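Asks: Taken in sequence, the protein lines are chains B and Z.
For reference, each letter of the first sequence is one residue, going 1 to 254 in the numbering used here.
For reference, each letter of the second sequence is one residue, going 1001 to 1349 in the numbering used here.
Simulated from the structure, these hints should not be mistaken for lab results.
Any given hint could turn out to be false.
Unchecked claim - Taking lysine to any residue pairs in the SDA-like style, the calculated list, with each CA pair at most 20 Å apart, reads:
#1 B:K21 x B:G62
#2 B:K116 x Z:K1215
#3 Z:K1215 x B:K21
#4 B:K233 x B:G62
Keep in mind that this is a model prediction, so the values were computed, not measured.
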Amino acid sequence: MEKGTPVVEMVGISKKFGEIKALENVSITLRQGEILGLVGDNGAGKSTLMKILAGVYPPTKGRIFFEGKEVRFAHPGEARRLGIEMIYQDLALAENMDVVENVFLGNELERPALTKLVKVIDRRRMEEETRETLQKLGIEIASLSSKVETLSGGQRQSVAIARAIRSNAKVIIMDEPTAALGISEVERLLKLVKELKKRNIAVVIVSHRLEDIFRVGDRVVVLRHGKCVGNKKLEETSMDEVRKLIIGEIEELV
Amino acid sequence: MDRKSRPAPNSNRVISDQLAVLPSRLTPGRLREILLRGSIWFIFIGIFLIFSALASNFFTFSNLINILFHSAPLGVMAIGESVCLLCGKFDLSVGSIAALCGSIAGWLMVTGQPAASGLGLHPALAIPVILLVGILAGLFNGVCVGKLGMNPLLTTLATMFTFRGLALIVTSGHTLYGFPKWYRIWGGGSIGFIPIAVVIMVCLYFIFYFVLTKKRFGRHVYATGGNAFAAEACGVRVDRVIVTAYILSGILAATAGILSSGRLNAAHSRGGEGMELQAVAAAVIGGISLRGGRGSLINTIAGVLALTTIDSGLVILGVPSFWVQAVSGIVIFIAILFDTIKTRLTHVE
Chain B
1 MEKGTPVVEM
11 VGISKKFGEI
21 KALENVSITL
31 RQGEILGLVG
41 DNGAGKSTLM
51 KILAGVYPPT
61 KGRIFFEGKE
71 VRFAHPGEAR
81 RLGIEMIYQD
91 LALAENMDVV
101 ENVFLGNELE
111 RPALTKLVKV
121 IDRRRMEEET
131 RETLQKLGIE
141 IASLSSKVET
151 LSGGQRQSVA
161 IARAIRSNAK
171 VIIMDEPTAA
181 LGISEVERLL
191 KLVKELKKRN
201 IAVVIVSHRL
211 EDIFRVGDRV
221 VVLRHGKCVG
231 NKKLEETSMD
241 EVRKLIIGEI
251 EELV
Chain Z
1001 MDRKSRPAPN
1011 SNRVISDQLA
1021 VLPSRLTPGR
1031 LREILLRGSI
1041 WFIFIGIFLI
1051 FSALASNFFT
1061 FSNLINILFH
1071 SAPLGVMAIG
1081 ESVCLLCGKF
1091 DLSVGSIAAL
1101 CGSIAGWLMV
1111 TGQPAASGLG
1121 LHPALAIPVI
1131 LLVGILAGLF
1141 NGVCVGKLGM
1151 NPLLTTLATM
1161 FTFRGLALIV
1171 TSGHTLYGFP
1181 KWYRIWGGGS
1191 IGFIPIAVVI
1201 MVCLYFIFYF
1211 VLTKKRFGRH
1221 VYATGGNAFA
1231 AEACGVRVDR
1241 VIVTAYILSG
1251 ILAATAGILS
1261 SGRLNAAHSR
1271 GGEGMELQAV
1281 AAAVIGGISL
1291 RGGRGSLINT
1301 IAGVLALTTI
1311 DSGLVILGVP
1321 SFWVQAVSGI
1331 VIFIAILFDT
1341 IKTRLTHVE
């Protein structure tokens, strides 16, 4: 018996880019409060699968269910509206804009100006909420009106994380979240992931670093050449086995 | 473990202390940044003072008004160009849209000339039609660039030729003149000593500055220019932002066409030639980046004023007209050189 109700079910997902098959008939289920590690070698299709879930690409074939209902995303905005947030490997920040604007990008708060007909950006409320979110995360950023281009790698990631968790996310996808981080920053991130789990948020970590996934994860899905070759509970597998699945020393079709 | 791992209370205080630093506090670094960002205003004032020193009749109130008056069409056009540039795009067709709109205006309203339609339409009917032409021209550019993903430079280069060709067809290559009073008044009329065209330009700058800085659409323009993928991934409809930017550019170019043909009381297919590049130049020397997402409309107007001041100053000094273009080019060159140095200064951290 697995605990938690499924939030996301991706069934029989295939994706072709021209003649290249990026994904072939991949199915995954994601449950509330579950931390799923998605692993595989370069070009295995991990990011593609997650970008399909985030609404960046439509799948060539296959269906996506969110809380039991079938969904089709024409646009990442539609996925965000349901509560699917993705933190991209390059963080997807507008460097020319400041911290607050990036945290609220695409979700800007508005207030009426003079009349109800004209709405303007509610900068003060956005600043307050950003400050709260960052404080909750224990993140230090000198000024909320610093342009993102002036921030360090870790601070930038904090901004991207703040954006994802500020909205009422139900699913958070992190694409290679630890790749560009220092040791202490990795610790802080893994702590945060556990915190999200407690809040019943489902987290997908796409990573090369098996150590990270084995420290916080519940389950691991292995992709190889666009196919799902492993789907295991962490307590029932070992790092060695997962590594062998990744490089194809063991074949196991799921 | 989890309990201990929460940030220690004193580190929390450090954070809130740092957060308490007011964004508006004026540090020397911030002051330098503000001065550098608004540098075009100093350049404009410098140019103005140089001409005042060289020509005795330059530094007069009426000449100042005159410069503003002559700035109006380019100023209005440069707003639309700035919006496109902030999106990280280009619009090279604005000069042609202005010419097309002026030509259609003449065709609709002028009577007694073979190239005109003879309809003698009232300005109250003709002006909406002209603005609609601007909207449609912008919509076409916007759909090509924003929806189909065509290269903005090449697309608007093609439409630049197309729209000017249409203007040529409309006018059969003739100059149409003798517009009705209620059309001329927008480009050429005055309230007291203030030209109506200047009032329109100033109002449009206020409106668009407000839209770009305070409205959601404006912030999406900056986000699109800064990182289109990020904007898209966050749910901004980047395609719609771009289409809207081009529509605005089109309607503003049409307005510029109304102002200049109204002022001259004449329209022909070659009107506004080269204005698209002046509009780009004004925006860029005003500090709007060609890479998109950076710059302010406040500085675009200074760029426009600087260019017009050079033009009118050289005329007042009696410099032969064929020199004017070369000198304007050199000044733009210096401004861009200055801008490059400025970018280096602000990026050294």
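Asks: For the pair we were handed, B:K21 and B:G62, check the Cα-Cα distance against 20 Å.
Replies: holds, 14 Å
Asks: Mind checking the alpha carbons of B:K233 and B:G62 for me, to see if they're no more than 20 Å apart?
Replies: Violated, at roughly 24 Å.
Asks: Quick one, are B:K116 and Z:K1215 close enough, alpha carbons at most 20 Å?
Replies: holds, 14 Å
Asks: Holds or violated: Z:K1215 with B:K21, Cα cutoff 20 Å?
Replies: violated, 42 Å
When each numbered hint is compared with the structure, violations occur for hints 3 and 4.
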